[in-house]
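Asker: Protein sequences, first through last, are from chains W and B.
With the working numbering applied, the first sequence corresponds to residues 1 to 935, in that order.
With the working numbering applied, the second sequence corresponds to residues 1 to 84, in that order.
A couple of the hints might just be wrong.
Stated by the list, open to error - Taking lysine to any residue pairs in the SDA-like style, the calculated list, with each CA pair at most 20 angstroms apart, reads:
(1) K823/W - W837/W
(2) K262/W - P27/B
(3) K826/W - R26/B
(4) K162/W - R12/B
(5) K826/W - P27/B
(6) K826/W - T31/B
Just so you know, the hints here were simulated from the structure itself, not pulled from any lab data.
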Amino acid sequence: MSAPYRLGPQPGEVLDRSRAFSFTWNGRRYPAYEGDTIVSALAASGERVFSRSFKYHRPRGVLSASYHDPNCTVQVGDEPNVRAAHRRAAPGMDVRAQNAWPSLRYDVKSANQIVGRFLSAGFYYKTFIKPQRLWPLYDRILNRFSAGGVLTHAEPHEYYDKRYAHPDVLVAGGGPAGISGALAAAESGASVLLVEEEHELGGHLRWGDQAERAALAELRAALAANPAIEVLTDSAVTGRYDGNWVAVVQRNLPQVTERLIKARAKTLVVAAGLIERPYVFEGNDLPGVLLSTAARRLINTHAVRPGDRAVVLTANPEGDAAAADLECAGVDVARVVDARRGGDVVRVLGGRAGVRQVECGDGWKVACDLLVTAVGWTAPTALLNMAGDRPAYSEAAARFFPSKLPDDVLVTGGIAGDGTLDELIDHARATGREAARRALGGGGGWGTTMAPPALPVAEHPALFRGRTHGFVDFSEDVTSKDLAAAVHEGYDSIELVKRYTTATMGPSQGKLETVNTVAVVAEATGHSIGDTGTTVWRPPYVPVTLGALAGRSFEPVRYSPLQPWHERAGAKPLVAGAWIRPDHYGDSAGEVRNVRTNVGIIDVTPLGKFDLRGPDVPQLLNQLYVNKWSKLDVGSVRYGVMCAEDGVVLDDGVVGRLAADRYLLTSTSSGAGTIEEWIESWLQIERPDWRVYATPVTDAYASINVAGPRSRELLARVADGVDLAPEAFGYMRVRSGRIVGVDGCFLWRIGFTGERSYELHVPAAYGLHVWEALLDRGADLGVAPFGIEAQRILRLEKGHLIVGQDTDGLTQAYGAGLDWLVKLDKEDFVGRRELAWQRGRDDYFRLVGLQPVDGSVVPAEASQIVEGGNTIVGRITSSRMSPTLGRSVCLGFVAPHLAAPGTTVSVQLPGGPLIPATVMAQHAHFDPEGVRQRG
Amino acid sequence: MILVPCPHCGARNASEFRCVGEQRARPGDGTGPEPWRSYLYLRSNPAGWVTEGWYHRAGCRRYLTVERDTLTNEVRPLPAEDLA
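The following block holds chain W by itself, in its conformation from the complex (with noise of 0.2 angstroms):
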């Protein structure tokens, strides 16, 4: 296929003729060379509509030609929403349109446009209100006429990366100023980070005549000698936030799909440029309206013919040159309108394939195929607003400027004033100086603050409006003529108009169409477009994929040493918190038996464990614990809980006495970061007076529970010089001593399972191998490992609560059935007030053990208890089936008029009948009276 828009080759463009391919638009062949954009390949080909409108489906075409033109949006393969006036084609690339069916050229919702004044202002908000019913089919309606395009979900995941950078300066924006400023900065010994979001640097000056041309070159060759600066492109500055902590997404990698970059920059240099805006009149969206810049891009840059024959409306130089270029170009320019002595145009009619006329303001009419307007500019503000700026608006130039700018960021080029090339650069370089000043000064401050002198500000004719109505945004189809209805119907703020009308709010986010907005606005009000303000530009500057945010997923995990044993054993995962621990090794009901008859071993290494060291440590746990501890003796392990302030439980475990200044205090696996915080807060804050070290050594032991019968028997073996005896080593007492030759271990006797046995904390790095010698030397005893679901249920028959599993952020420890625990007549500890004031209440549900009447019933955890048909009185926080009783067993809360033991309560099963179940009078189902964990 042939390309008749192709010009032949410009001075200025980025086009690789010797790199000619093809690629397919909607499933047909076309041309291109390396450098082309996919818009640029088809404008050359001849192709003028590349989407449908979001709402109308009306035809669209170039607008812009660059990354934020609304109409250029499409299915890239995979990709939806794909940018196709920034993004180069590609061989083969498969590039369809988005939002048309059934094809672009004959789109039927394109009937919209008719029945268009059911889609004014407020539409959504005014139409699909009742019968609620009906939503879902509304939902599914609306959804085939949005423009997004189409996701598949077999596609391959993609790699996506993440960056820190400390630049001292930042400059958002690579055009002349942008890289001047990054020059001046460099020079005077800053590290700088130059972003530019297309893919070449240079701004304006990439479509300027032949001196602006060599200017670039200069720039870019100081650049490229310059080490102390990293450049950037086809890469957006997406946000500004706190502290200059400026995003960047950066696109176009090798093997990486999109990177993150999050720079702190010391100061921030915003150079972004201005970008034109659109004229509103009638038919302002047709195929073959073109903004100039867009028009010298495609000729200059890209060497495309934009038209045949064209009108040009111009209030500015830029204009005056796009119609020189058209001339060049060999577009015939059968008119230029010039603004500036009153000239204007007042409609542009048009059909599918776009613009056949346009009417000038002195009722001329030109048959021609393009409108190419110049009309005036919108500093895009956006990363101003994001540092808390406000900018203001000039009548002179008919724009805004920024006013109000913290001190580590500042602003040059267009966007802060107009100028020769030279002025431009100069005031670059002052405020690149300066910025680089700024961010060496050193210190906390930056004593006084120099503003570079101000840039000139050119005066430019105020046109937003001509005197019809047209599209004010493209993206989200809103006209002027909605915004004025919009204002009629008492929406008179901009920021009201905004979200009623949706105008700014599509994919260009106010790039293109907030000004306009706001003069629509203004005129439809009466007040000014200074009065009127502008709308808050937010993060992101341009839309980010959720890849680049998510990046690669790092998600850290933690193993025991004795994972690898687990691995093999074909232990089922389960994820706790940061830790991945065995669930089961196939079968917990037949490991909870096998600890019920003979012994049986667990990884608990997670545990929180802290080494407590210093004459103050029995006050801090007086302090931590609602239990007393001054009287624990060397060897001796006591149980404790702990509450925080409001008397709410906060974590258990056992501390042992080691020695005479030692103890070692566990805490719950997923307590283990909270505790640590929480030990740290009292020695640090409340209690600095305190001679406590507080050392958490969760990972330096591998900690291995030997429960079950013949645990003694077992770790007679294993441990030498321990003597095991009952009399020498009871319950709740802790000894250390060396194990199958491994010096350093803790063995303490305590009883979670509810049989006797004996935790063993051994040094990390021993843990396999202590792990594997139980196996070995205690195969005969029926040794045999058991998971964190058997250690559950043997808890849960043995009645032992689990902190956030049987309780939670309201249950106070009166509640929870600690009663036995909580001393009160110590002298301080946390949680003390208000547990003293929860001992003078009776209202608070209690913790009970519970028993389905029909013990072949599991209700449900969280099965709620009721009363009365709909009275919530209580719920199930534990229950599973019980292999020693042959019953299902649970844990439970109950209102206080139905704790006694022996009152039934009802349970309501989740989507099943009531059934009735019995409070206990304890919480152990099991060995109540603890004689097999004494024995």
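With chain W's structure known, arrange chain B on it following the hints.
Answerer: Frame of chain W; chain B shown alone:
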């Protein structure tokens, strides 16, 4: 993201810290339920400078106190004489 001036590690990203919140003195013994619960649950939440605690959990594991302007998120270390 806020930079928190840690007196031990220097200025670090807020994501390394846990914000403990407004600094308040724990009431002594004999406090009635009302003042005690004000201490537990109520914060003054001023629009302006607040003295608040941060815990450098991914750093030195020290609790520190800074002043922060809740309107601008400007953070500054406590004046030196206030550092215990």
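Asker: Could you tell me which of the hints above the structure violates, numbers in ascending order?
Answerer: Hint 2 is the one this structure does not satisfy, whereas the remaining hints hold.
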